[in-house]
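Build the full structure now, drawing on both the sequences and the hints.
Letter by letter, the chains look like this.
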Amino acid sequence: MQLFIEQLLNGVAMGSIYALITLGLALVYGILRILHIAHAAIYTVGAYVGLFLFKLSGSLIIGVAGSMVFCALLGVGIERFVYYPLLKYPPYVPLIGSIAVMLAIEELCRLVAGPQILTFQAVLPFPQFQIGGITVSSTLTAVYCITALVLLLLWYITSKTELGLAMRAVSQDIPIADAMGINSHLIVSLTFAIGSAIAAVAGSLVGIYYNQVYPTMGTVPAYKTLALIVVGGLGSVPGAVVASLLLGVAETLLIGYANIPLPRDALAFIAMIAVLMWRSEGLLGSR
Amino acid sequence: MNSTLLAVKAVSKHFGGLKALDQVTFEIRPREILGLIGPNGAGKTVCFNLISGVYKPTAGEIIFNGERTQGKAPHQIARRGVGRTFQIVKPFATLSVLENVLVARGISRYNHLGKIWSSWKSRAEIRQALEVLDRVGLADLAHRKAALLPLGNLRRLEIARALIVGKRLLLLDESFSGLRHEEILQLEQLIRNIRADGITVLLIEHNMRVAMGLSNRVVVLDHGRKIAEGSPQQIQQNERVIEAYLGRKGHSHAA
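If you read the protein sequences in the order shown, they are chains F and E. Note that our numbering has the first sequence beginning at 1, numbered continuously upward. Note that our numbering has the second sequence beginning at 1, numbered continuously upward.
Treat each hint with caution, since some may be false.
[What the hints assert, rightly or not] Partner residues aside, some chain E positions facing chain F, computed with beta carbon under 10 Å:
id, residue
1, Gly-53
2, His-75
3, Gln-76
4, Asn-100
5, Tyr-110
6, Trp-117
[Said to hold, decoys possible] No more than 25 Å apart at the CA atoms, straight line, and that leaves these computed lysine-lysine pairs for BS3-like:
id, chain 1, residue 1, chain 2, residue 2
7, F, Lys-160, E, Lys-121
8, E, Lys-115, E, Lys-19
9, E, Lys-9, E, Lys-56
10, E, Lys-90, E, Lys-121
11, E, Lys-167, E, Lys-121
12, E, Lys-90, F, Lys-160
13, E, Lys-9, F, Lys-88
14, E, Lys-145, E, Lys-56
15, F, Lys-88, E, Lys-115
16, E, Lys-121, E, Lys-72
17, E, Lys-90, E, Lys-72
18, E, Lys-145, E, Lys-121
19, E, Lys-115, E, Lys-72
20, E, Lys-9, E, Lys-167
21, F, Lys-160, E, Lys-72
22, E, Lys-72, E, Lys-167
23, F, Lys-160, E, Lys-19
24, E, Lys-56, E, Lys-115
25, E, Lys-145, E, Lys-90
26, E, Lys-9, E, Lys-19
27, F, Lys-88, E, Lys-121
28, E, Lys-56, E, Lys-72
29, E, Lys-9, E, Lys-90
30, F, Lys-88, E, Lys-167
Worth flagging that the hints you see were computed from the coordinates, not collected in a lab. Glycine is no exception: its CB is placed at the ideal position from the N, C-alpha and C atoms.
What follows is the structure, encoded as structure tokens:
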């Protein structure tokens, strides 16, 4: 029982991290209907920049905050120089562009930081809990708290603020949103900035969680988050979060606890295939 | 104030080899209703898209309220007080009727990085949005999903949104098409009231009775050119206008 609860806690943490990476992808798909594969590369850059600034300054807060700013700018740059000029073409054209950007950024990370795995030894300034015989490490507490905070902020922005309303308007119809006085391009850029800043948090957190940062750390998340937004319902942010949490728990419990002989990463794709066969709009998708 | 709110000066718009609009010139005076009519494909909607910034003119000048606006983005022109409807009604389908109007009410805040974080659900905002809905007769349906409205109500919703944005000029693109007789009468009265409030109206209309009844002046386009301009009476007797409309139905005519 104790092992089960510990695994469950790990699973929720895994799912939280998936959610942080997937959020940006869901936001971007929601507003531009583009599969933003390069989002996972932004997550990798987020880990590197977080690590670099942490080593330079000795402060984890500066490291993560700096990484968020850097990635927000990177995300907006990709949107302005790659996606926006390609929007007038069929959706597979920006998709190919996105894959190219993903590979280019990975290689750039390899060139700049080297192919070896770097360690990210930082203590997250969060408390450790002891409940019954179960220990909740400070890393787990950090993952829970940060994910909860990010989700709360994002929920507030999308459902309460003028920006959130503008995002909903732009996601439905850009020409009409323009006619309502909304600078759609600015709203799209802000969406990329928000999604990319969250990816920076995810990258830094994963770097610390596993104590490793390497150029291809975004490859598996790139495909897995794609599966997750399909499972959650394309463009649905709550759907992406629910799918991420379910996957994190399912991976940990089925494979870690119940010892089902399947490769861990296969689960996301089995879920995606199942969703495509029986509920193509996804868990919380519309249409 | 000058006596011209909007001046379209020798404006052309070419799409490849097609001259969708060719050297068209007209003016709108403050507080008038100007009808823009012409057979299908005459360039009326292209004209709207040029005024509202969706297209950039190939040549010519557009001056709104003393300022050159050609080449400005649609949201910049909207912020100068130009509201428009679309020929094919497109509400924000997943938003409620009230939320659709609230989107338009955000116009003063969307491009302000400080104000963009403020709430759109304040009581004052909702009250003012409801007032506009009341004016177009949609207050009862404020909380209905926009996707569920029938066409007549969608056209009213579009006008409500355009009214909030269009503090100076309202561009109505075939707002009467597909409406029942009593709906047409109500909408005509609404447009007269809007004009009485000091808002200038430019309307594209296929229904001749409506266009002639509402407009102070009428501009007629055919094949991208202006072929006539004048009072509704003058237009109804104009040879070229009659030919443009009847020629289309009868004989094949060389363009």
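Tested hints:
{"no.": "1", "hint": "Gly-53", "result": "holds, 8 Å"}
{"no.": "2", "hint": "His-75", "result": "holds, 5 Å"}
{"no.": "3", "hint": "Gln-76", "result": "holds, 8 Å"}
{"no.": "4", "hint": "Asn-100", "result": "holds, 9 Å"}
{"no.": "5", "hint": "Tyr-110", "result": "holds, 5 Å"}
{"no.": "6", "hint": "Trp-117", "result": "holds, 5 Å"}
{"no.": "7", "hint": "F:Lys-160 <-> E:Lys-121", "result": "holds, 7 Å"}
{"no.": "8", "hint": "E:Lys-115 <-> E:Lys-19", "result": "violated, 43 Å"}
{"no.": "9", "hint": "E:Lys-9 <-> E:Lys-56", "result": "holds, 14 Å"}
{"no.": "10", "hint": "E:Lys-90 <-> E:Lys-121", "result": "holds, 23 Å"}
{"no.": "11", "hint": "E:Lys-167 <-> E:Lys-121", "result": "holds, 22 Å"}
{"no.": "12", "hint": "E:Lys-90 <-> F:Lys-160", "result": "holds, 24 Å"}
{"no.": "13", "hint": "E:Lys-9 <-> F:Lys-88", "result": "violated, 30 Å"}
{"no.": "14", "hint": "E:Lys-145 <-> E:Lys-56", "result": "violated, 34 Å"}
{"no.": "15", "hint": "F:Lys-88 <-> E:Lys-115", "result": "violated, 31 Å"}
{"no.": "16", "hint": "E:Lys-121 <-> E:Lys-72", "result": "violated, 30 Å"}
{"no.": "17", "hint": "E:Lys-90 <-> E:Lys-72", "result": "holds, 23 Å"}
{"no.": "18", "hint": "E:Lys-145 <-> E:Lys-121", "result": "holds, 17 Å"}
{"no.": "19", "hint": "E:Lys-115 <-> E:Lys-72", "result": "holds, 23 Å"}
{"no.": "20", "hint": "E:Lys-9 <-> E:Lys-167", "result": "holds, 23 Å"}
{"no.": "21", "hint": "F:Lys-160 <-> E:Lys-72", "result": "violated, 30 Å"}
{"no.": "22", "hint": "E:Lys-72 <-> E:Lys-167", "result": "holds, 18 Å"}
{"no.": "23", "hint": "F:Lys-160 <-> E:Lys-19", "result": "violated, 46 Å"}
{"no.": "24", "hint": "E:Lys-56 <-> E:Lys-115", "result": "violated, 30 Å"}
{"no.": "25", "hint": "E:Lys-145 <-> E:Lys-90", "result": "holds, 13 Å"}
{"no.": "26", "hint": "E:Lys-9 <-> E:Lys-19", "result": "holds, 16 Å"}
{"no.": "27", "hint": "F:Lys-88 <-> E:Lys-121", "result": "violated, 34 Å"}
{"no.": "28", "hint": "E:Lys-56 <-> E:Lys-72", "result": "holds, 8 Å"}
{"no.": "29", "hint": "E:Lys-9 <-> E:Lys-90", "result": "violated, 30 Å"}
{"no.": "30", "hint": "F:Lys-88 <-> E:Lys-167", "result": "violated, 32 Å"}
When held up to the earlier numbered hints, the structure conflicts with 8, 13, 14, 15, 16, 21, 23, 24, 27, 29 and 30 and fits the remainder.
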